[in-house]
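Chains as they are written, first to last, in my numbering: chain U, 1 to 298; chain V, 1 to 625.
Source of the hints: derived by calculation from the structure; they are not laboratory data.
Please read these numbers as outputs of a predicted model, since none were measured by experiment.
Wrong hints could be hidden among the right ones.
Below, a sample of chain U positions facing chain V; criterion: calculated Cβ distance under 10 Å [as the list claims (entries may be wrong)]:
1. L166
2. E170
3. F173
4. R175
5. R185
6. P194
7. N195
8. R240
9. I241
10. L243
11. D269
From the derived model, a few chain V residues whose C-beta atoms are all more than 12 Å from chain U [claimed, not checked]:
12. R116
13. Q143
14. T278
15. H298
16. V338
17. T466
18. K472
A partial selection of chain V residues facing chain U, derived with a Cβ cut-off under 10 Å [unchecked claim]:
19. R449
20. R451
21. I454
22. P464
23. S467
24. L468
25. N469
26. P481
27. E484
28. L488
29. S609
30. Y611
Ideal Cβ positions, reconstructed from N, Cα and C, are used throughout, including at glycine.
The residues making up each chain are set out below.
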Amino acid sequence: MSARWEWLALLGRAARTQRGAVGLALAGSVVLLAIIGPFVAPHSPTLSVTGTFVPPAPGYPLGGDTIGRDVLSRVLAGGWLLLAVAAGATVLGVGAGVVVGISAAYLGRVSDGLLMRIVDVLLAFPPLVFALLLLSVLGSHVWLILIAVAVSHAPQVARVVRATALEVCERDFVRAAELLAMPKRRVMAGEVLPNLISVVMVELGLRFTYSILIIAGLSFLSFGIQPPAANWGLMINENRIGLAANPWGVVAPIILIAILTIGLNTFTDAIARTSLGVERPTEQFELAAAGIAAGATP
Amino acid sequence: MTHVHRSEEDQPPLSAPTAASAPAAPVAESAVVPGAQLLSVEGLRVVIAGSQADVVDEVSFGLDQGEVLGLVGESGSGKTTVALALMGHTRRGLAIGGGRVMFDGRDLLEPGAALRALRGARIAYVAQDPASALNPTLKVGTQLREVFRAHGTGRLGGASAEERIGELLSEVRLEQVQHALDVYPHQLSGGQQQRVMLAMAFACRPDLIILDEPTTGLDVTTQRHVLDTVRGLCRSYQVAAVYVSHDLAVVGELADRVGVMYAGRLVELGATGPVFRTPGHPYARGLLRAIPSPTRAHVLVGLEGHPPPPGRRPPGCFFAARCDFAIDACRTTAPAPVSLASGEHWARCRRAGEIIKLPPLAELPERDRVAEGGNEPLLRVEGLSAGYGERQVLSDISFTVGARRCLAIVGESGAGKTTIARCIVGLHSRWRGTIEFKGTQLEADRRRRGRDVISRIQYIFQNPYTSLNPRKTVGQIVEQPLRELFSLPRKERARRAEEALEDAALSGEYARRYPDQLSGGERQRVAIARALVVEPEVLICDEVTSALDVSVQAAIVELLHRLQRTRGVTLLLVTHNLALVRSLADDVLILRDGQIVEHGPSVFDQPKSEYAAQLLTDIPRLAPA
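Based on the sequences and whatever the hints tell you, model everything.
Rendered as structure tokens:
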């Protein structure tokens with residue numbers, strides 16, 4: 001219960017910093033646009049309503065795309081699926097990475113070796129190549145994109161989490177829990193995990209950004225969410241041939257992805273900074289003092 | 001900008017002079033004039049670089065050649081800050097805010113004071129933790145020679161660096177160590193590492209040596225050797241020393257004069273004997289009443305509360321809030337130093353004149369012993385052998401602990417005392433032999449022990465800074481054992497947790513706080529409450545006071561003693577603090593290299609073995625016996 005509160009508290013503290021507020025405002029506005037976009041789009045995102053690559057004109061403020069669809073409508077409608085898949089893939093990937101990382105750190109010995117070697121093998125594949133491999137063999141499905149992206153995140157998250165968890169597992173409160181004969185699963189979830197909040201939050205933010213980039217990249221390579229459904233990544237690919245005639249077809253989705261990415265990274269950075277500040281200066285002072293006195297027998 | 005409250009001319013604000021920018025000038029050959037004051041500190045002020053809040057202020061003292069000054073105080077009192085400022089250095093985030101440190105006619109706080117030539121050559125520093133002060137990648141010999149590479153051999157009176165190194169090894173008693181120069185620091189023990197540090201510090205025959213808690217973390221015997229070495233070197237070379245420590249007994253043994261620090265101020269200064277016998281400042285008196293004596297079991301009196309941190313210091317006397325002697329004037333105006341004796345002995349307290357007339361500290365009441373109990377063995381250990389991997393740590397340990405008694409397991413570090421505790425509680429499962437609790441044999445694997453056994457034997461960890469989960473509230477921490485071992489309704493759990501907190505002398509409102517909002521002593525009380533909540537019969541305390549200041553330590557010791565007396569808890573005390581044993585334990589078990597040397601109720605009164613007698617003489621004492 002405390003753990004859940006702490007997550008929210010950490011987010012709240014981060015949002016109240018200047019850095020966090022700016023990041024949240026940037027990312028939030030893009031997310032909001034993606035959510036309400038489909039309902040406010042002036043035209044159908046999939047029907048040709050104007051000319052091919054016509055420049056902005058009254059009624060079509062961002063002009064037409066490669067087959068005369070309204071760019072503004074496609075931008076408004078093409079965000080939510082991208083973001084939803086990215087969010088799903090991020091949660092899945094980070095979740096798996098956290099489970100693997102904590103298990104490796106806490107169980108140690110054989111489990112650690114085995115898990116981390118699997119992670120090493122997965123790390124050997126470049127993320128995009130791995131996703132391409134899956135999609136080209138099994139065909140393009142939304143669930144498959146989600147899994148492919150998640151799998152590309154998990155090993156890196158596992159590495160980071162394991163490193164931090166190793167230190168946490170050495171602390172005495174973990175021993176204290178073990179003394180109560182708590183099951184290992186509960187020690188990991190109840191004692192170790194809450195101390196990894198800041199790492200996990202930072203990873204979530206960072207990985208969400210990567211997810212968007214990978215999915216947009218897959219769409220650009222036409223392995224992603226399939227046309228004619230609108231999608232920012234796909235739009236960049238479709239409209240780049242008309243860049244000179246109507247740049248908005250490429251520029252608008254790029255700007256949105258950029259704002260979202262910058263906003264998320266800024267907010268993530270704020271989380272990292274505030275979580276470091278969670279240890280208040282007085283406590284660090286005391287810690288140092290305790291370290292001095294605690295140098296006694298191991 | 002810095003506001004230096006001094007009557008003299010306005011001095012420009014000083015930032016910490018950087019050593020790196022000073023040229024490595026050859027060491028000045030000016031010998032100190034005999035009899036003249038070697039070091040004189042006037043109105044030293046160190047501030048936090050941003051807020052200008054003072055960490056240390058109004059610190060003034062002098063030091064003669066060959067004199068040893070002890071600086072004592074709780075953690076955070078500013079003693080290390082003062083020690084570093086004596087070399088013109090401040091820790092990151094702090095800056096010199098004013099004052100003068102005159103060393104041999106030069107102000108070391110002045111920018112451009114050739115600090116680099118002085119540091120290491122004429123003023124040497126010995127850090128607390130030798131393991132982190134020595135470079136692990138360089139051999140000991142290389143690190144020793146470095147001193148001479150930096151400072152030359154000018155101060156050695158003609159001897160070459162190699163000759164001096166040979167001499168140093170015998171001075172710090174490292175000559176028996178084979179190839180001492182050709183080993184890496186990790187191949188030496190903690191005590192040997194600290195002696196390497198001493199050798200480096202004494203290499204250039206400095207005039208002043210600053211020792212920052214050099215024996216903290218060493219066991220009594222090693223501490224004794226290091227102290228003897230320091231004392232011998234200071235005497236034979238007429239080296240002045242500033243010895244910083246929170247251990248009053250150690251300072252009492254070594255220092256000619258003692259300065260007591262509190263909240264960044266020097267509150268009392270004087271010759272060691274008078275200060276420790278009849279202190280003039282209530283804080284100094286409080287500290288002395290808080291330390292256990294190795295010769296008699298007197299009641300310890302802890303100091304409640306904690307010192308005000310920099311930036312939140314009140315207008316009056318900083319100690320007023322914790323002081324039994326405070327009068328109204330103390331809360332409004334800061335006291336000036338009051339001279340107490342013809343020699344230099346003063347205290348920063350307006351009632352100092354009355355306080356020194358109070359009865360001497362040696363007359364504190366003796367503790368009443370827990371007489372009853374002890375006949376039925378509660379815990380029986382038979383033929384216990386244990387090890388880590390290939391290494392055998394314990395061999396054939398047998399003893400019993402009577403109900404409601406307190407057994408102390410003592411010994412040097414590495415003797416295996418913590419391993420015994422861990423075997424009993426089930427943290428270490430690779431052992432052979434028998435451990436019986438109330439006649440039933442305990443499983444090695446704690447997961448196979450019954451809930452009842454688990455709740456009856458509770459363990460308190462050494463360091464309360466790592467034994468409490470920082471993400472949980474105190475209430476959740478204390479309730480956890482109840483949640484895991486019993487199925488109780490939520491209200492009942494909360495009620496029992498509150499009771500346990502009150503038993504540990506904390507109010508129920510602590511339940512909502514997080515560990516990082518608590519002081520070290522409060523944290524250890526929470527850890528004790530967590531153990532008490534399941535109503536244990538045995539409390540295993542693993543060095544529970546070693547991470548705490550003496551004033552807090554006293555309160556924790558009294559708490560444990562009270563629990564033993566009123567709740568009938570059996571205590572198993574693992575410690576290297578022998579004075580503490582004296583004040584708390586009914587029986588003592590002395591361990592050496594994994595074997596029992598001596599065991600019984602009167603080990604410290606009539607030691608039978610040579611080793612126990614040696615340990616006894618190694619304990620630093622406040623008043624030399």
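Results of checking the hints against the structure:
1. L166: violated, 14 Å
2. E170: holds, 8 Å
3. F173: OK, holds: F173 (chain U) within 10 Å of chain V, min 4 Å.
4. R175: holds, 6 Å
5. R185: Since chain V brings no Cβ nearer than about 13 Å to R185 (chain U), farther than 10 Å, the hint is violated.
6. P194: holds, 4 Å
7. N195: holds, 6 Å
8. R240: Hint violated; R240 (chain U) Cβ to chain V Cβ min 49 Å, cut 10 Å.
9. I241: violated, 54 Å
10. L243: Check failed: Cβ of L243 (chain U) comes no nearer than 51 Å to chain V, outside 10 Å.
11. D269: This interface hint is violated because 22 Å lies over the 10 Å limit.
12. R116: holds, 27 Å
13. Q143: holds, 21 Å
14. T278: With a cut-off of 12 Å, T278 (chain V) remains clear of chain U, as the shortest Cβ separation is near 28 Å.
15. H298: Correct as stated: the minimum Cβ-Cβ distance to chain U is 23 Å, above 12 Å.
16. V338: Fine: 30 Å to the nearest Cβ keeps V338 (chain V) off the interface.
17. T466: Check fails; 4 Å does not lie beyond 12 Å.
18. K472: violated, 5 Å
19. R449: holds, 7 Å
20. R451: Hint holds; R451 (chain V) Cβ to chain U Cβ min 8 Å, cut 10 Å.
21. I454: I454 (chain V) check passes; min Cβ-Cβ to chain U is 6 Å, inside 10 Å.
22. P464: holds, 8 Å
23. S467: holds, 4 Å
24. L468: holds, 6 Å
25. N469: holds, 4 Å
26. P481: Interface hint status for P481 (chain V): holds (6 Å vs cutoff 10 Å).
27. E484: This hint holds: E484 (chain V) lies near chain U, its Cβ roughly 4 Å from the closest one there, short of 10 Å.
28. L488: violated, 14 Å
29. S609: violated, 21 Å
30. Y611: violated, 17 Å
Of the numbered hints given earlier, the model fails hints 1, 5, 8, 9, 10, 11, 17, 18, 28, 29 and 30; all others are met.
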